[in-house]
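*Asks:* Assemble chain U onto chain E, guided by the hints.
Chains as they are written, first to last, in the numbering used here: chain E, 1 to 638; chain U, 1 to 638.
Take the hints with a grain of salt, since some may be wrong.
All copies of an identical chain are treated as equivalent in the list; a pair is satisfied when it fits inside any one copy or across any two copies.
Claimed, not checked - SDA-like cross-link-like pairs, simulated, lysine to any residue; straight-line CA separation at most 25 Å:
1. Lys27 x Val230
2. Lys313 x Arg280
3. Lys313 x Pro129
4. Lys334 x Gln163
5. Lys624 x Pro109
6. Lys334 x Gln629
7. Lys595 x Pro129
8. Lys313 x Arg474
The set of hints was computed from the structure by calculation and includes no laboratory data.
There are 2 protein chains.
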Amino acid sequence: MPQVIFNPGGVKIDVPAGSLIQEAARKAGVEIGMPCGGQGRCGRCAVIVESGPVRRRSTIRLSAADVQTGYALSCQTVVDGDAVVTVPPQEKIERRLTSDKSAAQVTLPFPYDYARDQTVRTFYIRVDPPSYADNTDDFARLARALKSQHSIENAQATLGTLQQLSAALRAADWDVTAVVEMSNWFSPDGPPRLITVLPGYVETTWGVAIDIGTTSNVVYLVNLETGDVVDTAADYNGQVTRGEDVISRIIYAGKNGGLSELQSLVVGTLNRLIERMCRRQHIEPTDIHKAVVAGNTTMMHLFLQLPPEVIRKSPFVPTINHVPPLVARTVGLKVHPEATLDCLPGVASYVGSDITAGVVASGLDHTGVLTMFIDIGTNGEIVLGDGSWLISCACSAGPAFEGAGVRFGMRATAGAIEEVWIDQQTLEPTIRVIGNEKPRGICGSGLISLLSEMFVTGVIDKGGNFHVTAGHPRIRPGEHGGEYVVAWGGETADGRDLVITKVDVDNLLRAKAAIYAGFSVLAQSVGLSLADVQDFIIAGAFGQYLNIEKAIQIGLLPDMPWERYKFLGNTSVLGAYMALLSSRAREQIAEAARKLTYLELSADNSFYDQFTSALFLPHTDITKFPSVQEALTVKEPA
Amino acid sequence: MPQVIFNPGGVKIDVPAGSLIQEAARKAGVEIGMPCGGQGRCGRCAVIVESGPVRRRSTIRLSAADVQTGYALSCQTVVDGDAVVTVPPQEKIERRLTSDKSAAQVTLPFPYDYARDQTVRTFYIRVDPPSYADNTDDFARLARALKSQHSIENAQATLGTLQQLSAALRAADWDVTAVVEMSNWFSPDGPPRLITVLPGYVETTWGVAIDIGTTSNVVYLVNLETGDVVDTAADYNGQVTRGEDVISRIIYAGKNGGLSELQSLVVGTLNRLIERMCRRQHIEPTDIHKAVVAGNTTMMHLFLQLPPEVIRKSPFVPTINHVPPLVARTVGLKVHPEATLDCLPGVASYVGSDITAGVVASGLDHTGVLTMFIDIGTNGEIVLGDGSWLISCACSAGPAFEGAGVRFGMRATAGAIEEVWIDQQTLEPTIRVIGNEKPRGICGSGLISLLSEMFVTGVIDKGGNFHVTAGHPRIRPGEHGGEYVVAWGGETADGRDLVITKVDVDNLLRAKAAIYAGFSVLAQSVGLSLADVQDFIIAGAFGQYLNIEKAIQIGLLPDMPWERYKFLGNTSVLGAYMALLSSRAREQIAEAARKLTYLELSADNSFYDQFTSALFLPHTDITKFPSVQEALTVKEPA
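Looking at chain E on its own, in the form it has when it is part of the complex (with noise of 0.2 Å):
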């Protein structure tokens, strides 16, 4: 077999001739990020062969030159004999996810009693221990106490269950806390399902809400008698070198072995995220009993290993948005083996219950006001109604936002520029950059605010077009269109010019206008305009960074007066949190599943003329933005 020799490192790795430079780094445990999933299009995975015979079955996204100098794509690259391969710096992830709110600052919007909203309890019994008078089974012995001392009748368990019972029970003198799951969403009536049994009195019992995204995970660390949020801990999905967004996703879950590998990433980071909180709050990860997961469709496939190319496939329909009760051991998470595993139910494919949680958790279910809410994070689903009624759908906006498709885009870590101001007479830049470094990319905040500045100044017009005849030296004409300099060579991390082309404008004006025209084919579809909406409810952690006033300038949000608008962050995680408190949260979150109606714009004949319309800055139709309108009216010279 080829041995292949990764550098820097020296790492060796035997495989079959024929494999995929992808495979052997995998083999060899050699990180190569992959965000469009391996399909050969991104251009991110490529490494350095150095010596060996390979074969390249694709070398899109590199030049004559590149290719000249070994440049290979480690997902389209075969080896066919010994080979010796440099692998370049690989994007670092950073942790920059402050937008968790800490734990104190989490509320819940009701009441919460522990003994009438929770499905999870525990109950102090004293067990009759065995004679040769009474020598009924130790389940049953357990069962009668749960009778007699709790009125909790015809309690079951699972094998799992009962392989540690009889010697927790004689562990413990017979004296014990039986943690029960009084019902689930499919059992509202029970039985009750014994979970295990604990030493001793017990008061408290833990529980996790989880929501799992396609770039970031969030998980709550919840005191299940008091309701308290004690910790939270947040990562990136550890999916995220193998795909960027659902799509690439789903590609890779279909190469062999990929839909396993990246159950065992997400759940993987979950466990690490669980561990880190249960250390910090001492205690055990067994002691937490209930776990709720909220999260797109894809996302919640393959956290179950459910095969989730039917999501990608026309009509595009899940195996099943009401996923049944489940318990932890079943997708290896790593809380008690025998927990409460709540997957809450979503809509369609492309609606998830990250999106009915949110419904739920921002109060749209019952508001009674006509309402628009986005979830912006690496997909953008949009809900229109008013709680009476729901419309949905999804833009496939891909991840523009967060840096994809966009020649400097980054994600929002330490020297991605995020605010950009120019200055309307010189067009000379003034840039943040997290982390006070030098910049080494851009941000989706920083690019709203780049595209917005650009157009407002002159330096693109409303189709996104370079003014490359104004002679100024940061505009000029690029490989495929004009580009601008938003930091020359001397003042960035590597040294290169870091610029924004008109290949990225067009990626991001098709981002927006996906976004926009959502908005408007919701509306139209019940009859109604984008001016009769009351509240706009923008969900989503990368919601927290996004200037309105450049977002409308844009054409991304519509132009209605900012009051309107609400950042409410992770509703997502928040409706988790609400339904692993109560079960009748968790009934809402079902019945706003039941009552959204899900619109696949794909479908839809109207949408790709809103698309296009939206496809300048801020719109074909200025008059839908006045303020823009003002604003420009006022800069040109009277």
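*Replies:* Only chain U this time, still in chain E's reference frame:
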């Protein structure tokens, strides 16, 4: 780490210093039988240490000469450095489970109606393919079709079923047969559970009825549509080399890794039996959608990886008698992973579901006639009653009749003496050997026959003492009392004199006394006498080889008219077969489990008296055995 080399074969293995030879052998894959489960009691795991530093913790059953030669008990000897060990030929477990009925011989004691009786059924459905207008998820779509086309409401599914669902529906172009568990014992009214979908129209599905015996495992393959047994298979329980009786197994399970090893061993045996039948019948193991299991409580605990220690400790209370509904995946049974797995309910630690199944299979639960039921296997369980009431006990007879604790005892395989006649005048024996080979030992039926003949001919007296003063060459003093030479060295397989000793006779007397005392105490406990018993059912494979006359002569069975005895063979697997087909039969077994009163003999004051009285041939009180008294009188010189 010390290296141990096992001969013959020269298998090498590195183990930490201080490891038992047994552990090294297991790691090296070298089979060493351990009938006592590694307690250092039986002496059968002896090996020869050719070289190397070892420490013998115990040398019980080894003579000083043996130790001088290098013999050591592999379960009691640790290696302290490199060693070379020779493993003597191990007792070969040969297949002679001829007591199994052929498939065609198995008859069901009730008419079977698939649609009425069976809980796992097939439903052909045409599912509406999804479209933009109808984007219901796959599972809800299937559930909708089950409801509209077969009135099956509220269907649920396990995650394992869902993981396969989307691909299966599309591969079959939405034209499928759903295999549905309509109900189970815990939820007789549902909800129904989808097991799988099969492409197109499928009429037949399959089930297996399983009896997990301590020594032998038996599986019936059943066509669930017709109810016919289409094949049967049997083999020794793969755990046999880890202990011959349940106590030895429990002890072995307590060793590090022992429980999971025993679980794998028995599941491995069952999987091989299932595969063998599937190959013969040209079906796939995954075509089997239901499995029903009967077995004694220890076997059930080991099968389910429930720690069995509690069964062995006073007051002998198991973890669970009524095992919850499971799916095959949980234990690794190689049928369809989501197949129904129903473990039948037992009564107590020493009266398991092999007995409750047997009670129903034999009709004892509604006979109306005072009946004694005994299942003689590795254990002896007894039930007395007329169906309106039932009382049971277990005799710790030990596996003496399976050859354990008897110097030349062996299982009923080739080379075993299965019947003996002793000439009244010459005291010379005539023997019948299984396979017509040179004798290697004596099996259970041979031991009963021999004991009876020795007693009737006066080779031994009623106390089991050898008449060594008779001056007969075959009756001679042995190491621990007298012995009788059943076959001279010149006639035997290994050239050694094949004898039965005083120690052997004492062991056999204890075994038969325990059983007879069980009969007596049961009858006494309800104020009846053994003479009141109208029917006497003998279950278990061994029963079929039992010679009633001889068994009465040694006082194993009560002296009653022979026509009252009925041999039913393996009623455990028959009961499992009935439960596999009919939920009503399944409920009858649960009802029998609830109805059966368990009498713990070790806690019964009269048991010891009864046991002591029965330690004679046939009994202290010869008047209880009039037919034996008469036979002896006839033979005594007038």
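*Asks:* So, for every hint listed, does it hold in this structure?
*Replies:* How the hints compare with the structure:
1. Lys27 x Val230: The answer is neither: 39 Å in one copy and 47 Å across copies each exceed 25 Å.
2. Lys313 x Arg280: neither (44 Å within a copy, 41 Å between copies)
3. Lys313 x Pro129: between (59 Å within a copy, 13 Å between copies)
4. Lys334 x Gln163: both (18 Å within a copy, 21 Å between copies)
5. Lys624 x Pro109: For Lys624 and Pro109, the Cα distance exceeds 25 Å both inside one copy (36 Å) and across copies (82 Å).
6. Lys334 x Gln629: neither (55 Å within a copy, 71 Å between copies)
7. Lys595 x Pro129: Cα proximity of Lys595 and Pro129: across copies only (22 Å, versus 51 Å in one copy).
8. Lys313 x Arg474: neither (44 Å within a copy, 86 Å between copies)
In this structure, the earlier hints numbered 1, 2, 5, 6, 8 are contradicted, and the remaining ones agree with it.
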